[in-house]
Structures are given as C-alpha cells and as structure tokens.
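S.K.: Here is how the chains run, residue by residue.
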Amino acid sequence: MAGLLEFDGLSRRFGTVTALDDLSFSVPSGQVVGFLGPNGAGKTTTMRAVFGLTDLDAGSVRWNGVTVGATQRRRFGYMPEERGLYPNMVVAEELEYLGRLHGMDRNSAAAATRQWLERLDVADRSASKVEALSHGNQQRVQLAAALVHDPEVLVLDEPLAGLDPAGIDAIGEVLVEQARSGRCVLFSSHQLDLVEDFCESVVIIDRGRLVTRGEVDELATGGARRLAVRVEGDRQGAWAQGIPGVTVSEVHGGEVRLVLDDSTDSDVVLEAARAAGRVTEFVFGRRRLSEVFREAVGR
Amino acid sequence: MALPVILAAIAVVLLVRLGLRRRGQGRSSQLGGLTRGLRDRRLLGDTGLVAEREIRERVRGRVFRVLTVILFAVVAAAVVIPTIHTGSTTRQKVGVVAGSPALDEELQKLATTVGLPVELVREPDLSAARAALSAGGLTMVVDAGGTILVQNPLSDTDTSTGSRYVRAAVTALGAQQAFAQAGLTPQQAAAVAGGKPWPVESVHPGKGATTTGEATALLGVILIFVVLTQYLSWILMGVMEEKASRVIEVLLATVRPGQLLAGKVAGIGTVALMQAVSLVSFALVLAKVVGANLVQGAAPLVAAATLVWLVLGYAFYSWLYAAAGSLAERQDQVQSFALPLAAPLIFGYIASLTGVSSGSASLLVKVLAYLPPTAPFAMPTLVGFGEATWWQFLLSVVLSVVSTVLVALVAARVYRTAVLRTGGRVRLRELLPTLAK
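First to last, the protein sequences are chains A and B.
First residue of the first sequence: 1, per our numbering; consecutive thereafter.
First residue of the second sequence: 1001, per our numbering; consecutive thereafter.
You may find that some hints are simply not true.
Derived pair list, reagent style SDA-like, types lysine to any residue, alpha-carbon separation capped at 20 Å [to be verified]:
#1 A/Lys129 x B/Gly1061
#2 B/Lys1109 x B/Arg1164
#3 B/Lys1109 x B/Ala1190
#4 A/Lys129 x B/Ala1244
#5 A/Lys129 x B/Arg1062
Taking CB as the label site, the calculated pair distances span [as the list claims (entries may be wrong)]:
#6 A/Ala70 x B/Leu1428: 26 to 34 Å
#7 A/Asp55 x B/Asp1332: 50 to 58 Å
#8 A/Asp57 x B/Met1237: 28 to 36 Å
#9 A/Gln241 x B/Met1237: 56 to 64 Å
#10 A/Arg114 x B/Phe1347: 34 to 42 Å
#11 A/Asn64 x B/Met1274: 43 to 51 Å
#12 B/Asp1332 x A/Asp124: 32 to 40 Å
#13 A/Gly65 x B/Thr1068: 51 to 59 Å
#14 B/Thr1354 x A/Ser60: 27 to 35 Å
#15 B/Val1285 x A/Glu131: 36 to 44 Å
What the hints contain is simulated information worked out from the structure, not anything from laboratory work.
The structure presented is a predicted model; accordingly, all values stated were derived computationally and were not measured.
Each residue gets a CB set at the ideal place from its N, CA and C atoms; glycine is no exception.
All chains, full assembly: derive it from the sequences and hints.
M.R.: Structure, rendered in structure tokens:
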C-alpha cells in the first residue's frame, strides 16, 4: 500500500497574516511523520487544506500524484485540532455513522466500530453519549472516528494534546501500528519533544515555511556535540554561563543542556561544573527536536 | 379545486419513494463490502445518510415526544370540545298550568326558534307547579291564566338560550292574549303573529357565520405556525451546534457542504411532515368519529391545502434558517437572527388569523397569499374562505417553488462559506466577496 502525500507550494493569507508561505514537503506511507512547529506555525491550516476545509491562494495537495478531491478524501482519516463529534450521540452509533459517510456499509461500519472501541479500551462506553465521556476517552473516540473506515492516509491534528502519559502511549502505539501496516500517518504537535519516541521522521515548520525535515535519528545526531549536565545546588545552571565555546541550549528540571563548539574540550566543561558543586550527571546527548527547531530558526 | 389534494398526494408519494429508495440502498449495500459501497455511492447516498441520522436522532429526542403528545392533545381538544358544547343543551322541563293544545304548540314552536329542546309537563295547579319549580324539577312554569314563573329574576345581560326562551315566551304569549282581547279570530291572530320582520341591509358587509372551511383553515394556520416554528428552530440550532462542536470539520472532510445541508433539511422536514400528516389524519378521523363538522364541506380540501403549504413553507424557510445557523457558533449569536427571520412568519400568521376571525378575506390576506414568505398562511386561509380558484392556488405554488430554489442557492453559498469560519459571529458583509464570486 505504498503511497505519497505531497504538499506542493501551499500558500494562504488571512488578511495581513501569512498562514502558509510556499510550503512544500511530502509524507511517504509506512512512516509516522511528526508535523511540528510552535503555535501559529501553520500546521492546522496545512492539515485543513488536505480536506478542502480551507481555501488555498496557491499550491496543491496530491495523493500518489493525483490532486486530492472528494474521492481521495473518502479514504483519508482526519482528527481535527478542536475535535468534533456530536456531543449527544451514542458513541457506537456516531462511529458507525461516520464510517458509513466514508462509504462503508452498515455491517462493516458496526464491526469496525466494535473493533476500534476495543482496541482503544473504550468498548465499555460504546452505549454512552459522547458528552458523558472523560476528556481522554473522548480523545480515543475521536481517534477511532478517524480510523473506523480503515483509511490509507491519517491526518491527525494535535492528537496527543491534553492526554496523560498512558493516553499518549496508547495513541502513539496505534499510530506506529498504522504506519507499520503501510498507512501514511501525519500528525502534528507543538510539543516537539513529546513525539520523538514514536516518530520516524519529522517536518518542522514556522511562520508558514518549512524549517527542516528529516529522520529523527539523523536530526538528533546531527550538528554540534552536546552535553547534559546536572550540578547539585545549581538548578539554574549559572555555572555554565560564560564558558568559552559553550552555549547553554536548555535548562530543564536542573539539567543543563550545552552545545559545544568543535574546538571546545568537554573536560573544560567538567572542570567548570565540578568547581560549582557535586556533578550528578554528565552525559553526551542527542539533539532534542526542540533544539533542532530552535537552532534552525535561530531563536 | 381538487388540485391541492393532488399536489399533497404527489408530495407524499415523492417523500415515501425517497424513503423507500433510501432504505433500499441500505439493504443493497449491506450485501457488499466497502468497495461496493463506494462504487454504489450516489449523490443521494450521503444526503440520505445525513437525513437518516437527523430523523433517528430527532424522533428519539424528548422534545419531539413531548411536543407530539401536546399537539395531539390540543388537536383532540379542538375537535372534540365544540361537539360537546353543542350537545350539552339538555332538555328543559317546562310546567304548564291549565294548558291547551294551542298553547303547547306555541311553546314548542318558540323552543324550536330559540334552539332550546323543551319537555312540557302538565301541572294540576299553580301551587303544585310552584313547588316543583322551587324543588328544581322544572325550569319554568307557564300558567295559561297569564303568569310565567321562573326560579331567579331575569338579568338583562343574561343571553343564555334559557333566558332567551323565557323572554320570547313572555312577548309571544302576551301578544296572543292581546289579539284575543281585541277580538281577532284565530286565523287573524295567526296572520298578525306570523308577520315577517323587515329585512335589514347594511352598507358594510357583516361577519357571516363561520363555515367549516374557515374553522379548518384556522386550525390549519395554527398547525403550520407551530410546526414551522418548532422545526425551523431545529434547523437553526442544529446547524449552529454542528459548527460549535466542530463536528462539521469531520463531516465536511468526507461530505460536500451541499449534501450535508440538503440532508439536514430533508431529514428534519420529513419528521415535520410525518408529524403534520399524522396530526391532520388524526384530526379528520377523530372528527368523523365524534361527528364534528371538521370533515364536512370544504374541510378536507382545506386540510390538504394546509399540508401542501406546510411543505412549501418549510422548504422556503429551512434554507434561510440553515444559512443563519451557519453564521453563528453560540446561542447568544443565534438569538440576533431569530427575530428578523421570524418576522415575516409571524406577520403572515397574524394577518391570516385576523382574516379568519374577521369572517372575510381582507385585501391584505389576498396579497400575502402570493408572497412566498407569507403564502404558507395566507393561501390556506383563502382556500378556507373558498376565495382561491385552482389557478390562483397554482400561481402561488409556482411563485413559492421558484423563490425557494433561488433562496436555496444563495443560502447554500452562505452556508458553504460561513460554516467553517470560526471565532465569532460571521457577518454577512464579510461573505459578500465570496458570494459575488
């Protein structure tokens, strides 16, 4: 089921705001592709463009070389950013209805609904109204709504937002599984580091433009050497300021992440750290996606 | 004048066929798998699915069930109560002292004129009659000696049949006595008493007695108003809720806006029509059973015209309400559309109601009968008065259908553009560039 979802030169302005600025990238099937960027980067507009929910000033979205239209969209699954289900419909009936709108017959839609509710651990709520479900369970039902018709392409806008770790794992697992079975999976997140675990590759955008894209491993190991250091009694990492050839990339929970110039020896850093207090962590680390983003946009 | 019936029949047949085809599709697609479902997909497929969901969810809702019970109760009351009222005049017992066949005849004749069924009871003497009257066994006593006894003094403002009978008897019997004293022969007395009053002509036409057609038109106009108000508000709120809950994004990712809109309008419309048809059928059957005059004369024709105009009125307004719903995403935003949308509806309703109660179709009603926003009320009213010929009816139908098509085209464009715009109420002005495209 090999396929390719291509975004070609998408541009969209809303009044004076440029939402998309000649944005081009492609998403191959068989991979979980993270679509990353800060809030307001244009992720939602890009995803809405796949489903014709926003007009484009220029550019097109193609699936296997064909411009996406109503016929293609029937085989796509979509989870919008602000969610969207009839709050007062019964969960199972709502999923069946959406399955049928995607072309399934009644029996197949009912069977797929049962299967997905079980897979996502919400089978016991199938007779409840959507509005009676917790946020996490509503999110699972929303994912089921995107999956019920067994789509070739999954476009999920912030599917992990507001979920607890168990919810993130459950949904992440499904995305990986879908990609493994040959689906094209594109999902967005503004929490860049959250998605490293189950993304094979990422597309990072900012202000409607492509910042960078590539395999997560490549991006994480590329660039300068970096160290994660923890010094007891200095959670803010003041000791690391002013070491020549060393830039403080992030300080998070007492861990200071440093980027080293090619010419800088890591021993210099270790000495500076020991001078400041007891060193409890000193690790050569991978580049985080948030660091990839920050370094690419220069802020 | 059989045309309204034919039109109503055609509308019902079309709707039933639509329903059958929809069900048929469901059955046939169950045989195949997903691919077959996709291949078999027609334009009506999605619209049909949307309509099916609307019907299922609406009929299940508590609002629908409560409203249905209330409407059936009100219709039953409107049909049955007038018949109880006319049948409630029980036979009154009138005691006669020293009577004669001529007096009996006179008293019965008066009773027929006034419309009060009486039973004459011979009383041996005045004191026995007085006792029976006090005990309540008699309503009044006529003593041939020249006295009439009643239980309570007559009030000038009492216009009941009983008191009208007493007054008529007092005058007629007094005149009879005067004729006898004047020495008139019974023939001469009869000639004088039988004198016909002069006819009175008025310059302005007065209110005639309400005909059965008018009574049915009144009920019909009220039914149209109640049903339209209820179901159009469902369209308004339904579209707004789809936008507010953002389910619209999920739906429009696979269904075209036009199909979604048409499905909603058709689904809610089917529920409205089913309810109206069952109410009208119920009213007609009940009227037949209790012998109400609703089924007599032009009434069934007016009932058919009511259903035709319910469909046409719904078709005309539903698109407008859907477009208005797509502009809002909150209850308070929707309120600002409610009045301007309802204004022509309420105007047509009030004008037609006034027309029915004034007894004749005013020029205003005759004009309103050709304007699509008010015709759903004014035209059935004219039919009730028997003042609409078949071609006038047809002309109004054609005008309504043509303007419905135009309204639907514009409303669908507004809907398409506005329903995906979130973040506050969409102003029509903002849509003009898109609409002009």
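S.K.: State for each hint whether it applies.
M.R.: To see whether the hints hold, each was checked on the structure:
With a CA separation close to 13 Å, the supplied pair A/Lys129 and B/Gly1061 stays within the 20 Å bound. The suggested pairing of B/Lys1109 with B/Arg1164 holds, with an alpha-carbon distance near 14 Å, which does not exceed 20 Å. Note on B/Lys1109 and B/Ala1190: the hinted pairing holds, with a Cα-Cα distance of about 13 Å set against a maximum of 20 Å. Simply put, A/Lys129 and B/Ala1244 have alpha-carbon atoms about 17 Å apart, close enough for the 20 Å limit, and the pair holds.
Among the hinted pairs, A/Lys129 with B/Arg1062 is consistent with the structure: their alpha-carbon atoms are about 15 Å apart, no more than 20 Å. Taking the beta carbon of each, A/Ala70 and B/Leu1428 are about 28 Å apart, inside 26 to 34 Å as hinted. Restraint check, A/Asp55 to B/Asp1332: a C-beta distance of roughly 29 Å breaks the suggested window 50 to 58 Å. At roughly 34 Å, the beta-carbon separation of A/Asp57 and B/Met1237 lies within the given 28 to 36 Å, and the hint holds.
A hinted range of 56 to 64 Å for the beta carbons of A/Gln241 and B/Met1237 is consistent with their spacing of about 60 Å. Roughly 53 Å separates the CB atoms of A/Arg114 and B/Phe1347, a value that falls outside the hinted 34 to 42 Å. For A/Asn64 and B/Met1274, the hinted distance range of 43 to 51 Å is satisfied, since their beta carbons lie about 46 Å from each other. For B/Asp1332 paired with A/Asp124, a C-beta distance near 37 Å keeps the hint of 32 to 40 Å intact.
A hinted range of 51 to 59 Å for the beta carbons of A/Gly65 and B/Thr1068 is consistent with their spacing of about 54 Å. Checking the proposed 27 to 35 Å range against B/Thr1354 and A/Ser60 shows it is violated: the Cβ atoms sit about 60 Å from each other. Range check, B/Val1285 to A/Glu131: about 41 Å between beta-carbon atoms, so the 36 to 44 Å window is met.
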